[in-house]
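Engineer: Residues per chain are reported as follows:
Number of protein chains: 2
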Amino acid sequence: MDKKDYAEWYLEAVEAAGLSDKRYPIKGMNVWTPYGWKIMSLIDAGTRAEMDATGHDEVRFPLLIPETEFKKEADHIKGFDSEVYWVTHAGENELDVRLVVRPTSETAMYPMFSLWVRSHQDLPLKVYQIVNTFRYETKQTRPFIRVREIHFFEAHTCHADEEDAQRQIEEDLGILERVMRRLCLPYHLLKRTDWDKFPGAHYTVGIDTVMPNGRTLQLGSVHHYRDNFSIPYDITYEGADGKHRHVHQTTYGMSERLLGAIVSVHGDDSGIVLPPAVAPFQAVIVPIPKKGGADEVMDAALGLEAVLREAGIRVKLDARDERPGNKYYYWEARGVPIRLEIGARDIENGVVTFARRDTGEKGTMAADSVVGGVELLMEAISESMREKAWEFQRASVVDIADMGDLPESIVRFGWCGSEGCGLEFEETTELKMLGTPYPGEEYDGKCLVCGKPTKTAAYAARTM
Amino acid sequence: MDKKDYAEWYLEAVEAAGLSDKRYPIKGMNVWTPYGWKIMSLIDAGTRAEMDATGHDEVRFPLLIPETEFKKEADHIKGFDSEVYWVTHAGENELDVRLVVRPTSETAMYPMFSLWVRSHQDLPLKVYQIVNTFRYETKQTRPFIRVREIHFFEAHTCHADEEDAQRQIEEDLGILERVMRRLCLPYHLLKRTDWDKFPGAHYTVGIDTVMPNGRTLQLGSVHHYRDNFSIPYDITYEGADGKHRHVHQTTYGMSERLLGAIVSVHGDDSGIVLPPAVAPFQAVIVPIPKKGGADEVMDAALGLEAVLREAGIRVKLDARDERPGNKYYYWEARGVPIRLEIGARDIENGVVTFARRDTGEKGTMAADSVVGGVELLMEAISESMREKAWEFQRASVVDIADMGDLPESIVRFGWCGSEGCGLEFEETTELKMLGTPYPGEEYDGKCLVCGKPTKTAAYAARTM
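Those protein sequences? They're chains Z and L, same order as listed. All residue numbers for the first sequence refer to the working numbering, where the first residue is 98 and numbers rise by one. All residue numbers for the second sequence refer to the working numbering, where the first residue is 98 and numbers rise by one.
If we strip away everything but chain Z, and leave its shape as in the complex, we get:
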């Protein structure tokens, strides 16, 4: 696998790690194999813990949405109508009202929110769900990155006013920070341009990470809706003053692209490299049998496994009848953060040999403090994966002074903020405007298009 050719490398790395099977007979609807699903479940578990800790309630809304509800918010349907799946028949019957297979759940949830929210005491309403969403992608599909059945996290909130909704956005960004820290992933927060925000949103903040090929991948987004949905869906509450008002709403969504980013950002020529927090196996033990009897080595390996498992470390003993070298290769491709080797000489010396997946570094740790040793190593690995990834992301932002000869990376430039200049930039460069930094960064320059002085920088890139 050669990561220099990222597009090809990505497919090979996903395949070699056994994360997904794309031979299912519908293009872009892939099978989550046990290993891939386990990683995704560990990612979800982290998100769930953050949501629960911030007072969000987990719910499950139906998959299907009546066309009549779906069409209530005009901008929203306009954004989705070319890419939704329609259920039109049940058994032998044609349905009176066609049903949309959820592309996202605003239009499923909001008719219910209208029933749930009565008084200011019901606010804020904070719910989330982890479900699959469906988009009829016409572009080329790619596991985790562009699929038609999308494993998706979505939080939806209702607030008494715009300011409280704004506070929710800040809370969401705190959650995001902690989720991404676990995954060792860097990201940009970019407030999307008005012509690119989510259909129906007041504003959208995109969460973007740069891929090895210099293109950006949108991992998720946070939206402030103001009352754009609560008016058509009639979500009102009675204030303490007895007056009825429309709620202000937000949403926060992230998808299985998180896993696509883990593969892309951390992987190397040997395959994927998993952050310890979401690795199904944080350490794999490979016994190195000695000639003429491996009992002692296998006993030591079993003991090591028991000690680590007892300490809550996800560990796998690879006891297969295979050459150690083949096992190394196998687990490297699966991204296991730490390999522990144990042979006759290690036993004699009272040590365990380790190898880090991220750097390839090898060393030994004392056998009698292996739990602490592995825990320290996991922290060091996480920290180093995080730093390396952030460093790459920082280096990938290039300031440009004109629209010619563009680098293969994210570009930054002065922008007066007008739609005219933005669209002209996009047309000339064939890059996509990602928007402006959120919450903002210092800048002093001129609009790259019209030359007007500006305090705002815009970011643009090719996107995945």
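Don't take every hint at face value.
One copy or two, either will do: identical chains are not told apart, so a pair holds if it fits within one copy or between any two.
With a cut-off of at most 25 Å between alpha-carbon atoms, the simulated SDA-like pairs for lysine to any residue come out as follows [as the list claims (entries may be wrong)]:
#  : residue 1 : residue 2
1  : K168      : R195
2  : K168      : Y535
3  : K549      : R417
4  : K485      : N190
5  : K413      : A464
6  : K169      : L212
7  : K288      : T560
8  : K135      : R145
9  : K124      : T165
10 : K119      : R195
11 : K223      : L139
12 : K485      : G271
13 : K100      : A463
14 : K119      : L222
15 : K119      : I227
16 : K124      : V468
17 : K413      : A142
18 : K175      : L192
19 : K552      : A492
20 : K223      : G457
21 : K168      : N190
22 : K223      : D418
23 : K101      : R264
24 : K124      : R195
25 : K124      : T230
26 : K413      : Q218
27 : K552      : E267
28 : K169      : H186
These are computed hints drawn from the structure, not numbers from a lab.
Following the hints, put chain L in place on chain Z, whose structure we already have.
Structural biologist: Relative to chain Z, chain L alone:
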């Protein structure tokens, strides 16, 4: 709520506990509210732990199945064609091949199994998923019991031969026993008649529980498929002898009806009663404020909450500004197994007052050993709920000697095993044949229909 009128009571109990919202604009597709979803998640967690411990791998297959794959097994499609949802359009386009919204996943999984299984070393293949399935129900819907979007657990396995598949069935029944023990639910295992087995199955064992109205509810089933699916889906393996053979398969499924059964079996006139293992809150603390200052009581309540939470007990401190009586009523309706009350007198006496939700029994426990006290109480509650439920189930089986004047319960009678007698029995009594006990029970009598001597008893009932 009066449980004597079970049908009405059930809806009231579900509503009062806040388990589900059935006002979603598609009949039979209900919203899982936070409390209901939490219980279902705890049920799922128990199932998942059992599956993982028996070497099953969790996977996720796509929701949609091409009509071409769906139709490969002729009996199977015949069983489902009147009750599946069809996706026919995507965006503005009519699809070339219509897509079925999964009613169960045999036809989604088996084309992939055909790729995954190559050699005898790939066997047994044991996977499961927890997903939603879809059936276009035309009968009256009822939360958890008869819905159109069904939260579903399904395990699928492939084996080298019929005997190994049979061993899987035995393992499944062991898992079932442990799952049901946690839920304090009794059940019958009944081998379905040939005319009622799952479409495509060699045989089907139904898992039935009796409801308060004497009708039975099928909670799940276990199927031995032999090679009935592996032939049309071409799932073969190369044996150690170099010969290619078709695998033998099994499936094991259970649905959200488990929650419907918990509500129905354990509930009483005050609402639902939750088994401690799946109660989102195992204990609720209600402080009893004393006149003229409740600080001391609230401090003690907070201390109690901290101690119990630290011990891993799911506990809720109800600190709302409400009369204690209202709180009792509120948490009773939500089925919380243990209520802990703490007032000035309790503090003086160094005790905590408890009330059991299942029996209403009240008492006190020493404040300094409250963790042990609550744990013992949970065990006692579980054991007593289990016994009571099994006792009701045992009493609900009535031997009958003729087909007239039937009791409102499960009936048992001699059956010669012929389809003719079985169908005549069903037609005459308007009961449904549930089948014969699995693995079998001693019986010596005569066929109720034809009078021929038989060693087999059949069970029949009205079903939900």
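Engineer: Please go over all the hints and tell whether each is borne out by the structure.
Structural biologist: So, going through the hints one by one against the coordinates:
1. K168 with R195: Both ways: K168 and R195 sit 11 Å apart in one copy and 24 Å across, limit 25 Å.
2. K168 with Y535: This pair counts as neither: shortest intra-copy Cα distance 31 Å, inter-copy 52 Å.
3. K549 with R417: So K549 and R417 fail the 25 Å test inside a copy (68 Å) and across (58 Å) alike.
4. K485 with N190: neither (57 Å within a copy, 45 Å between copies)
5. K413 with A464: within (17 Å within a copy, 43 Å between copies)
6. K169 with L212: Answer is within: at 16 Å inside a copy they meet the 25 Å cutoff, but 45 Å across does not.
7. K288 with T560: within (16 Å within a copy, 57 Å between copies)
8. K135 with R145: Answer is both: 15 Å inside a copy and 12 Å across each meet the 25 Å cutoff.
9. K124 with T165: between (29 Å within a copy, 15 Å between copies)
10. K119 with R195: This pair counts as between: shortest inter-copy Cα distance 20 Å, intra-copy 29 Å.
11. K223 with L139: Classified as both; 23 Å inside a copy, 21 Å across copies.
12. K485 with G271: within (22 Å within a copy, 49 Å between copies)
13. K100 with A463: neither (35 Å within a copy, 64 Å between copies)
14. K119 with L222: Classified as between; 19 Å across copies, 39 Å inside a copy.
15. K119 with I227: This pair counts as both: shortest intra-copy Cα distance 22 Å, inter-copy 20 Å.
16. K124 with V468: neither (44 Å within a copy, 54 Å between copies)
17. K413 with A142: Both, since 21 Å and 22 Å are each at most 25 Å.
18. K175 with L192: both (23 Å within a copy, 21 Å between copies)
19. K552 with A492: within (22 Å within a copy, 80 Å between copies)
20. K223 with G457: For K223 and G457, the Cα distance exceeds 25 Å both inside one copy (44 Å) and across copies (34 Å).
21. K168 with N190: Classified as both: same-chain Cα gap 23 Å, cross-chain 18 Å, threshold 25 Å.
22. K223 with D418: Answer is between: at 22 Å across copies they meet the 25 Å cutoff, but 52 Å inside does not.
23. K101 with R264: neither (42 Å within a copy, 50 Å between copies)
24. K124 with R195: Both. Shortest intra-copy (24 Å) and inter-copy (14 Å) distances satisfy the 25 Å Cα cut-off.
25. K124 with T230: For K124 and T230, the Cα distance is within 25 Å both inside one copy (15 Å) and across copies (21 Å).
26. K413 with Q218: This pair counts as between: shortest inter-copy Cα distance 20 Å, intra-copy 50 Å.
27. K552 with E267: Within one copy, since 23 Å is at most 25 Å while 71 Å is not.
28. K169 with H186: Close inside one copy (22 Å) and across copies (21 Å); limit 25 Å.
Of the hints listed earlier, those the structure fails to meet are numbers 2, 3, 4, 13, 16, 20 and 23, in rising order.
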